[in-house]
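The primary structure of each chain is shown beneath.
Protein chains: 2
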Amino acid sequence: MTNRITELFNIKYPIIQGGMVWCSGWELASAVSNAGGLGLLGAGSMHPEVLQDHIRKTKRNTQMPFGVNVPLLYPEIDRIMQILIEEKVPIVFTSAGNPKTWTKHLQDNGIIVAHVIANTKFALKCQKAGVDAIVAEGFEAGGHNGREETTTMCLIPQISEAITVPLIAAGGIASGKAMAAAMALGADGVQVGSRFAASKESSGHEAFKQMIVEAKEGDTKLSLKKLVPTRLLNNEFYQKVRDYEIKGASVEEFKELLGRGRAKNGMFMGDLAEGELEIGQVSAMINKVETAKEIIDDMISDFISTVASIKTLSFK
Amino acid sequence: MTNRITELFNIKYPIIQGGMVWCSGWELASAVSNAGGLGLLGAGSMHPEVLQDHIRKTKRNTQMPFGVNVPLLYPEIDRIMQILIEEKVPIVFTSAGNPKTWTKHLQDNGIIVAHVIANTKFALKCQKAGVDAIVAEGFEAGGHNGREETTTMCLIPQISEAITVPLIAAGGIASGKAMAAAMALGADGVQVGSRFAASKESSGHEAFKQMIVEAKEGDTKLSLKKLVPTRLLNNEFYQKVRDYEIKGASVEEFKELLGRGRAKNGMFMGDLAEGELEIGQVSAMINKVETAKEIIDDMISDFISTVASIKTLSFK
Numbered sequence: 001m002t003n004r005i006t007e008l009f010n011i012k013y014p015i016i017q018g019g020m021v022w023c024s025g026w027e028l029a030s031a032v033s034n035a036g037g038l039g040l041l042g043a044g045s046m047h048p049e050v051l052q053d054h055i056r057k058t059k060r061n062t063q064m065p066f067g068v069n070v071p072l073l074y075p076e077i078d079r080i081m082q083i084l085i086e087e088k089v090p091i092v093f094t095s096a097g098n099p100k101t102w103t104k105h106l107q108d109n110g111i112i113v114a115h116v117i118a119n120t121k122f123a124l125k126c127q128k129a130g131v132d133a134i135v136a137e138g139f140e141a142g143g144h145n146g147r148e149e150t151t152t153m154c155l156i157p158q159i160s161e162a163i164t165v166p167l168i169a170a171g172g173i174a175s176g177k178a179m180a181a182a183m184a185l186g187a188d189g190v191q192v193g194s195r196f197a198a199s200k201e202s203s204g205h206e207a208f209k210q211m212i213v214e215a216k217e218g219d220t221k222l223s224l225k226k227l228v229p230t231r232l233l234n235n236e237f238y239q240k241v242r243d244y245e246i247k248g249a250s251v252e253e254f255k256e257l258l259g260r261g262r263a264k265n266g267m268f269m270g271d272l273a274e275g276e277l278e279i280g281q282v283s284a285m286i287n288k289v290e291t292a293k294e295i296i297d298d299m300i301s302d303f304i305s306t307v308a309s310i311k312t313l314s315f316k
Numbered sequence: 001m002t003n004r005i006t007e008l009f010n011i012k013y014p015i016i017q018g019g020m021v022w023c024s025g026w027e028l029a030s031a032v033s034n035a036g037g038l039g040l041l042g043a044g045s046m047h048p049e050v051l052q053d054h055i056r057k058t059k060r061n062t063q064m065p066f067g068v069n070v071p072l073l074y075p076e077i078d079r080i081m082q083i084l085i086e087e088k089v090p091i092v093f094t095s096a097g098n099p100k101t102w103t104k105h106l107q108d109n110g111i112i113v114a115h116v117i118a119n120t121k122f123a124l125k126c127q128k129a130g131v132d133a134i135v136a137e138g139f140e141a142g143g144h145n146g147r148e149e150t151t152t153m154c155l156i157p158q159i160s161e162a163i164t165v166p167l168i169a170a171g172g173i174a175s176g177k178a179m180a181a182a183m184a185l186g187a188d189g190v191q192v193g194s195r196f197a198a199s200k201e202s203s204g205h206e207a208f209k210q211m212i213v214e215a216k217e218g219d220t221k222l223s224l225k226k227l228v229p230t231r232l233l234n235n236e237f238y239q240k241v242r243d244y245e246i247k248g249a250s251v252e253e254f255k256e257l258l259g260r261g262r263a264k265n266g267m268f269m270g271d272l273a274e275g276e277l278e279i280g281q282v283s284a285m286i287n288k289v290e291t292a293k294e295i296i297d298d299m300i301s302d303f304i305s306t307v308a309s310i311k312t313l314s315f316k
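Protein sequence lines correspond, in order, to chains A and B.
In terms of my numbering, the first sequence opens at residue 1 and continues consecutively.
In terms of my numbering, the second sequence opens at residue 1 and continues consecutively.
Any given hint could turn out to be false.
One copy or two, it doesn't matter: identical chains are merged, so the pair holds either way.
Claimed, not checked - Here are the simulated lysine-lysine pairs, BS3-like style, with alpha carbons at most 25 Å apart:
#, residue 1, residue 2
1, Lys225, Lys121
2, Lys216, Lys128
3, Lys240, Lys225
4, Lys125, Lys216
5, Lys57, Lys264
Hints listed in this document are in silico derivations from the structure and should not be mistaken for laboratory results.
Whenever a hint applies, use it, and build me the whole structure from the sequences.
Dropping the structure here:
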């Protein structure tokens with residue numbers, strides 16, 4: 001398979017592993033890249049020196065292209081950018097910030113830049129900033145999300161019509177069927193988060209992975225809308241958030257409830273009751289812990305048979 | 001094109017026009033059926049004698065199969081069912097109620113029955129009740145919606161894996177691209193609401209149709225969750241609902257705010273400020289008022305070219 005995304009990143013399959021907090025370290029990123037996708041380190045949960053260590057380990061463990069996802073609101077952002085350039089990271093996905101700030105600087109240093117958005121307005125801003133690709137993330141995605149609540153089904157065709165740069169669909173994609181659907185909607189590639197969060201190589205806590213595997217329909221909800229809309233998995237912390245939402249709690253009350261370190265405590269340390277567990281709606285369809293290679297191979301074989309079955313839908 | 005849905009309903013294209021309150025009378029249903037889709041009358045906003053009149057007019061205006069959508073919580077449900085049988089309506093879509101109650105009775109009278117659901121639990125209940133087809137409606141759909149907030153991208157593959165009866169996808173579908181995506185996800189057909197609500201033959205108020213055409217990304221939100229989750233278009237009434245949600249208003253306060261007749265006042269009478277305007281998220285992509293035939297022809301031609309472009313995504 002060759003298209004604009006495989007050519008841009010020089011990868012075999014147009015499958016990008018989302019750079020997630022607490023789940024995507026060097027083991028996952030290198031395994032995904034070795035399996036033919038694009039592995040991303042999630043800088044959002046790493047101190048600069050930890051990130052540097054993960055970049056070096058990724059380089060030792062794969063000869064294939066890999067990347068780093070960087071939330072631009074990160075406090076030590078200048079140091080992070082310096083490391084990415086010094087370490088000659090080939091690809092950077094930026095998110096949660098203005099794409100104008102860093103895109104040109106990274107590109108001037110030979111780095112391919114993609115930026116993550118959730119609406120057409122920001123997609124156009126990204127294109128104007130000269131990004132090489134855009135990730136459009138739908139309402140069903142895990143973790144931080146857009147305020148418009150536009151689903152992948154509605155978002156991808158709108159962004160696809162508005163922009164000319166390569167488009168990666170995210171949100172609700174964990175199978176070859178969803179990958180084929182995203183491409184029918186106008187995407188050139190897909191970003192997969194939740195299924196890789198539950199993978200063998202994920203650095204997420206084993207108990208968190210098990211909880212993803214057991215998650216059922218309706219077990220995630222877009223929550224914390226008065227702070228940053230975040231899709232959470234149902235647990236005791238989530239129940240408290242929901243009670244606050246029902247009673248109309250204030251921004252300050254939400255901030256106090258959330259506190260600090262809950263995401264790490266939940267996803268990395270395994271505090272399933274009180275941790276902040278970020279995962280996508282598609283977790284309801286994830287039923288086992290697999291290796292990154294098993295996930296990619298399964299998605300590709302499912303994609304091939306889905307495309308073949310769509311071909312039979314012709315007119316008589 | 002022939003598949004389980006075209007064969008079940010004896011229609012040319014697997015496109016069903018959603019039976020919507022205040023928008024889908026005999027003019028729309030007969031126009032859709034004449035154009036090769038399945039037109040549905042929306043009984044939810046019709047008194048029994050009005051429905052009977054619309055059924056008769058539909059029969060006079062099309063020789064093709066058509067149907068009626070009936071919310072089972074309708075107060076005069078027994079009278080409605082009697083009319084459907086007396087008038088020999090060939091197809092009935094039931095919703096908002098228990099599929100066990102009426103399915104067999106309708107089928108015993110020669111009627112094909114589909115039921116609308118938004119989660120796997122109810123899909124299985126439908127199958128057990130013996131329905132001929134299931135409509136699975138995602139979070140992005142307009143009007144009343146499920147509590148799980150599962151999007152079409154996540155819902156369709158789950159339902160498709162769980163059931164064996166033909167599956168119709170609804171929510172976010174207004175183009176051939178989305179139709180191809182829905183079929184990749186496992187659907188046999190699609191139900192289209194919003195685009196037909198804005199069609200020339202829709203009985204919705206012209207000002208409402210114009211507002212759908214002008215709707216932008218983020219202009220609809222799933223609202224009134226303390227009553228029945230309902231996707232509303234942004235207007236003055238919606239702003240009040242939103243303020244109530246932010247302050248955590250009670251069920252009683254929401255009921256008082258909603259009052260009675262707001263849906264009719266908005267969608268049928270054209271009170272764009274204070275009316276309850278129910279429409280899907282995909283309204284952001286609907287940019288003109290067209291005839292039902294133009295909509296179906298455009299969807300089919302878009303579907304054909306989308307399927308053709310997916311075919312080029314093969315492996316080298």
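Hints that the structure is at odds with (numbers, increasing)
none
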